[in-house]
Amino acid sequence: MSTASADGGDAGGDGASSAAAGAGRRIPPASSMPWVRNLRRFVGTGAGLGSEALMELETKRILLEIFKERQRKSMEAGAIPSFYKKKPEDGSISHRVQKLAKYRFLKKQSELLLNADDLDAMWVCLRENCVIDDATGAEKMNYEDFCHIATVCTEQIGQKCKRFFSPSNFMKFEKDDSGRIAILPFYLYVMRTVSLTQARIDMSELDEDSDGFLQPHEMEAYIRGLIPNLAQLRDMPSAFVQMYCRIAARKFFFFCDPHRRGKACIKKVLLSNCLQELMELHQESEEEVTDTEQAENWFSLTSAQRICDMFLALDKDTNGTLSKQELKEYADGTLTDIFIERVFDEHVRRSKVGGGNSREMDFESFLDFVLALENKDTPEGLTYLFRCLDLNGRGFLTTADIHTLFRDVHQKWIEGGNYELCIEDVRDEIWDMGCFLVSSSPASNEAGMSMKVESLVLHGDALHGEKEFRRALSAYKQAMQYSKSIPRQATTNARSLVAATGRSPSPNSSSLAPLNENEVKFKIALCHSALHEHREALQEMEGIPSKVRTLKMNLMLGKLYRISRNNRAAAVCYKECLRQCPYVFEAVTALAEMGLSSKEFSLIFSQAPNRGGKPPGESLDAQRWWNRYVEAQCCIASHDYKGGLDIYVDLMQRFPNNVHILLEIAKVEAIIGRNDEAIMNFEKARLIDPNIMTYMDEYAILLKSKSDYTKLNKLVHDMLHIDPARPETCLALAALWERKDERKALTYAEKSLRVDDRHITGYIMKGNLHLLLNRPDLAVTDFRGAQELRADLRSYQGLVRAYLALSKCKDALFTAREAMKVMHQSAKALKLVGDVHAISSSGREKARKFYESAIRLEPGFLGAALALADLHVAEGRNKDAVLLLERYLRQWADDSLHIKLAQVFAATNMLSDALSHYQSALRINPHNEAAKKGLERLEKQMKGVDPDAPEEDEENEADDVDGDQDDAELL
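Heads up: the sequence shown begins at 1 in UniProt numbering, then just goes up one per residue.
A few of these clues could be false.
[Stated by the list, open to error] With a cut-off of at most 30 Å between alpha-carbon atoms, the simulated DSSO-like pairs for lysine-lysine come out as follows: (1) LYS86 x LYS99; (2) LYS599 x LYS684; (3) LYS711 x LYS751.
[To be verified] Have a look at the derived ranges for each label pair, beta carbon to beta carbon: (4) ASP120 x SER842: 41 to 47 Å; (5) ASN115 x HIS148: 39 to 45 Å; (6) GLN539 x LYS73: 52 to 58 Å; (7) LEU458 x GLN539: 31 to 37 Å; (8) GLY179 x MET480: 27 to 33 Å.
Please keep in mind that the hints were generated in silico from the structure rather than gathered at the bench.
Source: prediction; values computed, not measured.
Ideal placement from N, C-alpha and C gives every residue a C-beta, glycine not left out.
Using the sequences plus the hints, can you model the full thing?
Here you go:
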C-alpha cells in the first residue's frame, strides 16, 4: 500500500488504468502518505520559500507566543474573565488597523450585495422557470424548481445570490397542497433583505466606535446624507439643515434608546417605524396634500419648521432654553402647573451653572416632550408620561395621585367658564373605569384581560363609525398587543369547554373567547386605507392567511393590489371572490378591466358552490343572464362599446326598471356621444331611485354640455342633500361652477380626487378645466392619470387636445393612433386621428379620408359630419359643407347641425338662412349658449354693426368709471 502511494508520479501518468484498477481499493488518509508528511516538514522548515513567506511565518509565530503568554497570565491571575476592553486611542496603530479592517469588511459586504441589474436578472429567472397554478393563476415553484433556479441564477449573477436559495429560506414561505411557494413573496423577501443590508452598511460606516450603536452626531450625519435623495427635502434651505437633522435624529433616539444612554442600536433603528416614516419622503409631494397632512410626518419639512417655530415662540428671553413659566404657554396654556413641575422633575437635567432652581429645558428635552405628547398611544410615549403622573415613583397610581393630579385640571375647567364638577365624583369614575377594564375580574386575570381586549375592539368600531380612523387604528393595535399577553391556556380551556358541553360560553365567561386576530387585522387595514396609507394596509392584509380570508377580505386585498399595480396578485384575489360568490359586481368589473375573457369567467363560475339549494332549472336561468352581464362587461373593457350596449339592452328586457343596468347603459351612451339617450336613461334611473349617487357626476357633465342649468342646479341640490362628501357631488359642483368661475370649479374637481384618488371622471374633469384655463401641460398629467386607472375614449380625446394646444403634433398623432389600435371598431377613434391631420394644410386630405371612414363605420356619428363640414369650409368648399349638413338634418334633427349650418351661411353672407337655423337650434334646445351667442352676433351683422367691436354701453361705462376716478382724485 505504501509503495503504491509512494509511486504517485507514475500512477499519475496512467490515470485511467489506475482509476480502473483501484476502484475497489480504499484510499488512505492524506496524513498517512509519506510524501504528504515530507511536504509538510519541508514547508515547516521554511526552506525554499521567499523572504515574504518567511516573514509571514515569523509573524504568525510571534503572535502565537504572545497569545499563549496572555493565556498563561490570565490563568495565574484567576478564573474571572475580563469584561471591559479599553478602546484604542485615536491615531494609534490599533485604531488605524481597526478602521482599515472595518473599511475592508464593509467594502466586501457591499460587493456581496445584489445590485439593481442582478435583481432584475433574478426576477427574469424566477418568471421563466416557474409554473402557473391552474386554480389561482399565481406563479409558483416547488423545491426542484427552486434548486434549478438557484443554479441558473448562480451562472448568470454569481455566487452572491446563492445564500438566498437555501432550504431554510424555502421553508419560510407558505406552501400549497403541492408543496409549492409563490415567487412574488420570495422576490420581495430578497429585495427587502438587500435594502436593509445596504442601510446597515451605510450606518456602520458612520459608527466610529464600531460597537453597533450610533451616537447623536452620527445619526445626524446619516440623515444629512439622505437629504439630497429625499424628494420632499431637496428644497430645504441650507441654513436649516443642521436644525432639521437635530429634530429628525431626536425621534430615533426617543424610540430606539429607551434607557437614554445616548446611543441607538443600529438593529433597532433598521426595524423601527421611524426609518420607514423617513423613507416616505422619497415620494414626490402632491399638490392635493394639505399642510395638516404633511405635518403628521415628523420628518417632513413642514413638521420640523413647526416645532422650531413653536420653541422660538415659547422662548421669550431668547436664551435657548425654556423655563417652567415659558413652558406653561404650550398648547395655549392648557397644561396644569403640577404636570409642568413633574416634567421638569423627571425629564429635565439640572443646570451646572447657578443654584438648584436654575433648571431649564433645552431643545433636546423639548423635542422629547413634544414627541411624548404627540405619541401618547406608543409604549415610549406612555413611559414618558407615566413617570410624570407617578408622583412618588412607585410604579403605579393610587387614589391620592389621581385626586392630586385632577385638582389642577378642575381649577382650569372652572376658570374656563364651564359648569361645576365634583372632584371626588370624577376621581371615582376614573378609578371605577380603570378597575373595570384593567384590574377587575369576575373570574380570573385572563378573563379581565380578555374583557379589556373586547372593550378596545368595540371602542375601535365606534371610532371607525365616527370616521376617526387614526384613533380607531390605535384602539385596534392596543387590542392586538393585549391579546398577545393572554395565556394560550385560557383560549384552549374555552375551546375544550365548548367541545365538551356543546354550548358557547355564558356572558359572564365570554372573556375566555379568543380574539379573532384576522378580523382585527382587517379592521386595521380598513383604517389605513381610509387614511390613504395603502402600503400599511397591504402589509396588514398580507398577514392574514389565504385560507381564512373572507369575501370582504379578498375584495379589500384585490383593491390594494390594484393600487400598488400588482395586477397578477389582484386577479388571484378577485377570482377567489368569485369562487366564494359569483355575483360580485366589483370583482367582475375589475377582472374584465384586467383582460379576463368571458370563457375564463365561465370556468371560474363552474368552481363556485351552488348556494341556497336552488333547483337546477333556476340556477341555469340565473347563470345564463349573469353570463350575459359578464360578457357585456368584457366588451366594454375591450372598448367594444356597441357590443356591450346591445347586451345591456337585451338584459333590460329581462330586468325592466333595473337601476344598475340603466346606469351602465347611460354611462356607455355618454362615452360614445349619445348624449340625449344617456340623459333620458339617467332621468329614468332617478325616477326609480331618487337617492342614487352612482354616475351622477356623468349626468351632471351631460347637463352642463346641454346648457340645461336648471336641471343641473336641481341635481346638485339633491346630491348635496343625499351625501355632500361623495366625489360625484364634488364633480357635479364643478360642472355647475364651470360657467361662472372656472378656478372654483377646478377646486371642486381637486376635492373629488382627495376624496377618491381612483375616480376616473375626476381626472377627466380636472384635465378639461386645465385646458379651459390655458394650462395644457397640467391637463396632460390629468389625462394620463385617468389612463393609468382605465384608458377610455374621453382620456384619449383629452390627451390629443392637450398635445395640440402644446403644439406637440407628433405626440397627438401617436396618442390618436394608439386609440385607433385599442378601439379599432370605433368611429370616434378614427375621427380623433382626422382631427390631428386637420391641423395642418398638408394633412387635410388624410383628415378627410379618416372622417369619411368614420361616417361609413357609424353613419349616425354627428361629430365626424361636423368635423368634415369644418374641413370643407377651411378648404373653401362651402357648398359641399351645406349639402353634407342638410343631408344629415333630413335624418337627425340636432341643434348642433343647425348651429354649424348657420355659421356656414353667416360666413357666406346668407344672413336670413343663418337666422332661420339659429332659431331652429333654439327651438330644439332653448338653453344652447352657442345658438344664443351666434344669434346675437348675427343680429349685429344684419344691422351693419361690426360684431367684434366693443359695445358703446361698455365704452360709456368705462368712461364713467374713469370720470369717477378723476373726480375722486380732485376731491
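Structure versus earlier hints - violations, ascending order: 2, 5, 7
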